[in-house]
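Engineer: Let the sequences and hints guide you as you build the complete structure.
Residue numbers (the numbering used here), protein chains in the order written: chain A, 17 to 627; chain B, 96 to 496.
Taking lysine-lysine and the DSS-like style, the derived pairs with C-alpha atoms no more than 25 Å apart in a straight line are: (1) B:Lys277 / A:Lys280; (2) B:Lys316 / A:Lys280; (3) B:Lys260 / A:Lys280.
If you are wondering where the hints come from, they were derived from the structure by calculation, not from laboratory data.
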Amino acid sequence: MTVLLVQILTGIAGASSLFLVAAGLTVIFGVTRVVNFSHGSLYMLGAYIAWSVFEHLPHTPLGFVLSAAAAALALGILGAALEVTLLRRIYRAPELLQLLATFGVVLMVQDIAQAIWGAEDLTIARPHWMRTFVVLGGERFPLYDLILIAAGPVVLGLLWLILHRTRFGTLVRAATQDRDMVAALGVDQRALFTAVFALGAALAGLGGALGLPDGSANLQLDLSVITDAFVVVVVGGLGSITGAYLASLLIGILQALGVLFVPKLTLVMVFVVMAAVLVLRPEGLLGRAGATVREATAPPLVRPAEPALLGLGLAGLIALALAPLIVGPFALSVLTEAMTAVLFAASLHFMMGPGGMPSFGHAAWFGLGAYAVALAKTLLAAPMPLALLMAPALAAVVALAFGWFVVRLAGVYLAMLTLAFAQIVWAVAVQWAEITGGDNGILGVWPPHALASSRAFYWFSLVVCTAGALALRRMLYAPFGYALRGARDSDLRAEAIGLPTARLRLVAFVIAGAAAGLAGGMTAFGKGSVFPTYLSIGHSVDALLMVLLGGVQTMAGPIVGALAYTGLYDVLLLVTGQWRLVLGAAIVVLVLAFPQGIAGAAMLAWRRRAA
Amino acid sequence: MPLTRRSLLVAASATLAAPAIARGAGKPVLIGEINSYTAAPAFTLPYRNGWQLAVEQINAAGGVLGRPIEVISRDDAGKPANAIRLAGELLNEQNVDLLAGGYLSNIGLAISDFAKQKGKLYIAGEPLTDALVWKDGHRLCFRLRPSTYMQVAMLVAEAAKLPAKRWVTMAPNYEYGTSAVKWFKQLLMQARPDVRFVAEQWPALGKIDAGATVAALAEAKPDGIFNATFGGDLTNFVRQGNTRGLFEGRSIVSLLTGEPEYLDPLGEEAPEGWIVTGYPVESDTSPADAAFIATYKKKFNELPRMGSVVGYALIYAIVAGIARAGSTETDIMAEKGFPGAEFQTPFGPAVWRAIDHQSTLGTFVGRIALKNGRGTMVDWHYVDGAKVMPSDEEVRRMRPA
Numbered sequence: 017m018t019v020l021l022v023q024i025l026t027g028i029a030g031a032s033s034l035f036l037v038a039a040g041l042t043v044i045f046g047v048t049r050v051v052n053f054s055h056g057s058l059y060m061l062g063a064y065i066a067w068s069v070f071e072h073l074p075h076t077p078l079g080f081v082l083s084a085a086a087a088a089l090a091l092g093i094l095g096a097a098l099e100v101t102l103l104r105r106i107y108r109a110p111e112l113l114q115l116l117a118t119f120g121v122v123l124m125v126q127d128i129a130q131a132i133w134g135a136e137d138l139t140i141a142r143p144h145w146m147r148t149f150v151v152l153g154g155e156r157f158p159l160y161d162l163i164l165i166a167a168g169p170v171v172l173g174l175l176w177l178i179l180h181r182t183r184f185g186t187l188v189r190a191a192t193q194d195r196d197m198v199a200a201l202g203v204d205q206r207a208l209f210t211a212v213f214a215l216g217a218a219l220a221g222l223g224g225a226l227g228l229p230d231g232s233a234n235l236q237l238d239l240s241v242i243t244d245a246f247v248v249v250v251v252g253g254l255g256s257i258t259g260a261y262l263a264s265l266l267i268g269i270l271q272a273l274g275v276l277f278v279p280k281l282t283l284v285m286v287f288v289v290m291a292a293v294l295v296l297r298p299e300g301l302l303g304r305a306g307a308t309v310r311e312a313t314a315p316p317l318v319r320p321a322e323p324a325l326l327g328l329g330l331a332g333l334i335a336l337a338l339a340p341l342i343v344g345p346f347a348l349s350v351l352t353e354a355m356t357a358v359l360f361a362a363s364l365h366f367m368m369g370p371g372g373m374p375s376f377g378h379a380a381w382f383g384l385g386a387y388a389v390a391l392a393k394t395l396l397a398a399p400m401p402l403a404l405l406m407a408p409a410l411a412a413v414v415a416l417a418f419g420w421f422v423v424r425l426a427g428v429y430l431a432m433l434t435l436a437f438a439q440i441v442w443a444v445a446v447q448w449a450e451i452t453g454g455d456n457g458i459l460g461v462w463p464p465h466a467l468a469s470s471r472a473f474y475w476f477s478l479v480v481c482t483a484g485a486l487a488l489r490r491m492l493y494a495p496f497g498y499a500l501r502g503a504r505d506s507d508l509r510a511e512a513i514g515l516p517t518a519r520l521r522l523v524a525f526v527i528a529g530a531a532a533g534l535a536g537g538m539t540a541f542g543k544g545s546v547f548p549t550y551l552s553i554g555h556s557v558d559a560l561l562m563v564l565l566g567g568v569q570t571m572a573g574p575i576v577g578a579l580a581y582t583g584l585y586d587v588l589l590l591v592t593g594q595w596r597l598v599l600g601a602a603i604v605v606l607v608l609a610f611p612q613g614i615a616g617a618a619m620l621a622w623r624r625r626a627a
Numbered sequence: 096m097p098l099t100r101r102s103l104l105v106a107a108s109a110t111l112a113a114p115a116i117a118r119g120a121g122k123p124v125l126i127g128e129i130n131s132y133t134a135a136p137a138f139t140l141p142y143r144n145g146w147q148l149a150v151e152q153i154n155a156a157g158g159v160l161g162r163p164i165e166v167i168s169r170d171d172a173g174k175p176a177n178a179i180r181l182a183g184e185l186l187n188e189q190n191v192d193l194l195a196g197g198y199l200s201n202i203g204l205a206i207s208d209f210a211k212q213k214g215k216l217y218i219a220g221e222p223l224t225d226a227l228v229w230k231d232g233h234r235l236c237f238r239l240r241p242s243t244y245m246q247v248a249m250l251v252a253e254a255a256k257l258p259a260k261r262w263v264t265m266a267p268n269y270e271y272g273t274s275a276v277k278w279f280k281q282l283l284m285q286a287r288p289d290v291r292f293v294a295e296q297w298p299a300l301g302k303i304d305a306g307a308t309v310a311a312l313a314e315a316k317p318d319g320i321f322n323a324t325f326g327g328d329l330t331n332f333v334r335q336g337n338t339r340g341l342f343e344g345r346s347i348v349s350l351l352t353g354e355p356e357y358l359d360p361l362g363e364e365a366p367e368g369w370i371v372t373g374y375p376v377e378s379d380t381s382p383a384d385a386a387f388i389a390t391y392k393k394k395f396n397e398l399p400r401m402g403s404v405v406g407y408a409l410i411y412a413i414v415a416g417i418a419r420a421g422s423t424e425t426d427i428m429a430e431k432g433f434p435g436a437e438f439q440t441p442f443g444p445a446v447w448r449a450i451d452h453q454s455t456l457g458t459f460v461g462r463i464a465l466k467n468g469r470g471t472m473v474d475w476h477y478v479d480g481a482k483v484m485p486s487d488e489e490v491r492r493m494r495p496a
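Structural biologist: Here it is, written out as structure tokens:
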């Protein structure tokens, strides 16, 4: 009995830590709609800064409070700077572009933090008051955990007071509900957004500082907290601070009990909870349906390319077909990867652009395709064509099962549910070692002799992936594609003219999954081995980056984005040890220069010239 | 000199510009090296220092086969797909004589499988997975570091002497952790049929819920705890364990915890009395080790870590294989050169086993103690890798190739 009590208290302390990270994210998200991928980086910087300050102060409670305050203040300033220099310029850009921009920041912060604080984990020497405990029914319980348990509600209360008892808070709440109306009433949106971002960043910094006594400041903090923070925000309901706290409690306590009763479940506990909540409550615990978001302009109708552009595409294809005769082996391996990346990105674009269903878990289908090929090859000794067919087949079947839940949601809720499913698939791949080889993966998935040379395999990839991408394009210009876009732009009107919108979305979801599965299958043969990394969040993010970099609202976007991102990444990784700094800066510059994506910007320039 | 890309370039161009003794003696032996430099810098940066020192020393002494050696190094960013692309680049564009490196086990396996497919030699440094030389082993793959099995076997020898009968295990939830726990249970129950395993914990790598995990372990009322977590997870675990008194009156055996990379961040909370594998770098364990530490410290102005030893020994182990082969032809190196080749390391002499291509490099086993407010290893002894191997029949059974 005491054990249960202690475990639940531990869970509540964990919930406070979660809440401190997530509160800032939900404040930012609720008002600005920015999917701030760099929130984990702000948290990490908070931990490092608090460490640096605490090293120079007496290790008293006051010293620690001052360190945490310094971290919060520093991050508040940094957050405001980030908003003014970067995010302010892209609010009008397509949805999720901020994700791309803030991902660039994540990469840069990784290199900068390592340059400043070094590679090794940094810990503070805990004074007695941080180490001591109280005895609850014979069990020791850390005093610091009690402090954390209190810190969560205190921060929640302060935020509530700010939001409900100040003019600033009233404006923030109004902007959360209808930001265009707030702007129309003459409120200076820019100052409001900057202030909100500073507040959110300061909360992240505070979270990083308060996590220090239980752990360390290290370079893995950024990515390890960011997904959990998003999960809490979404489970709680976007923009709802109280919801975020309830979600933290739910997740924190279930996680602590999970450790006690089903210790093997640690990989997916959080995601199982999120999937369950989203299936039952598509708007999260306290999310309100219909926070008003007015599309300033409906995305323009994407028409088939003009003859001149088609000619350009054809010329590009011919150049790609001739490439093996000209370029060296390394460039050829990059191009081979770029081919599968094109299909992977095109498949995500299919559901995200015309389908209106952004996905944070697209790697699930890619990875399933890769595993289908690997298992067909090693378990069934299937020949390559059959194995390759299994890839889209398996991805499509699983996508059909998951899709039924997914397509009923919208926006970021939908994206997070795909993430949850992807994480569940990933956890199965890691833990079902008898079949999947676990983390050691499946080796020896090489193509047959005829395709063993890098040239032959490149040409094969070019044919398969181009065919796949063209098939996707063909479907988007068929009545199916127009119906899909109709459902995206106005669900009600589409329903009214008799379009089965849910089924349309489901079909699009399955097709996108199958195409991604094919890309995964090709990659399995290209690399000769399959690992759970193909299912990881990082791989899903790669797909998003490619689509956003190219431009969501163009047909060529994912293709251009995949070529640009793969080329940039592969070459930078080869030539510089500071590739994260350079790649991150390049992404930020590209986002600022081409908020419509590279292909989108080219398209605009082309039209302007023609006009 | 702090290690930066620029200093590497300067060093490299200096090597090229200087009329080095070896330069006239033939084109350099090229080692294509791949590691997770940005994804795991705490290990790989000291590792890079280590191999740079070895390259410098070997070239100053005339190289191998009368030729200098040159390492061409690549960062895999922690992803197997990158490692395979870069391995292709090293093979096709740089024409390296062999591949080396690796930190994560899955990347080691990916490079190994690639090497097998392309008919090149791959010498793995750090990857710990047993599969590399056993289940997925092949004639072109060799591995330097004592594997998960070997290090667990070293700890089991100590754990079997303890009075503890009720054991719990604690390991990260992926292959390294599951293998470590599997071997620990199997080997300890062989040595001590009277022990029982009463609970296990599997925190997600990098995401340990330390308070809940510690409370759940305490609830099992164990006499002994086997731990395989490391890095940030270990820090969180130790802090919660110290506060909640999990370690008091219990025996703890812990994999890798004595390695300076993981011991240093624990600071003054380093848990005294834990039986660990690692590297007592403050102790100058042997004349060879003392000489290595002194040179390393002079060059890099810090103490070596375990990574430094791995990087340093890796180059000497490769050079020994090449020298014995008398050639850089892959088949001659794989058949005649490496199997049975002896080499020197800071820990003592070691040899590449012919039976499974595992080196006999061992590691230290000792207890953690506090000195001057930080953790260090005491009562240590070196365990030769050859002493903790399963029987040859067992190895042949586990190694189909």
